[in-house]
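Trainee: Numbering (the numbering used here), first residue to last: 1481 to 1564.
Do not take every clue at face value.
Unchecked claim - Mimicking DMTMM-like on lysine to aspartate or glutamate, the simulated pairs with C-alpha atoms at most 25 Å apart in a straight line are:
id, residue 1, residue 2
1, 1562, 1524
2, 1562, 1550
3, 1562, 1491
What the hints contain is simulated information worked out from the structure, not anything from laboratory work.
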Amino acid sequence: MSRVRIPAQPDLVLIAWIRNPLVPGSRRTITAVRVIGSARPCVDLLRPGRRLSAALRCLRRNGFVVVVSERTSNVSGFVLLKRS
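Sequences are here, hints too, so could you generate the full structure?
Mentor: Structure, rendered in structure tokens:
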């Protein structure tokens, strides 16, 4: 009889970001983060007030893929990443 294994669940990271509306071209800053599973080794970069670009670079280097990236207004939005 073969063993039945439960497949590993994917890791998900949802990041909300905002941009300073008074400074054109300002950098996107993280406002909130939710992690389901693990975001290692990028956990330190996933904090409110940190730059979104640094967090995305780390997550992509460690196997995460952007599933959804949307703007909710001219100065805010969110990104959903998944690692299988």
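Trainee: State for each hint whether it applies.
Mentor: Each hint, compared with the structure:
For the hint linking residue 1562 to residue 1524, the alpha-carbon distance of about 18 Å falls within 25 Å, and the restraint holds. For the given pair, residue 1562 sits about 15 Å from residue 1550 by alpha-carbon distance, which is consistent with the 25 Å threshold. Between the alpha carbons of residue 1562 and residue 1491 the distance comes to roughly 6 Å, so the proposed pair stays at or under 25 Å and holds.
Of the numbered hints stated above, none is contradicted by the structure.
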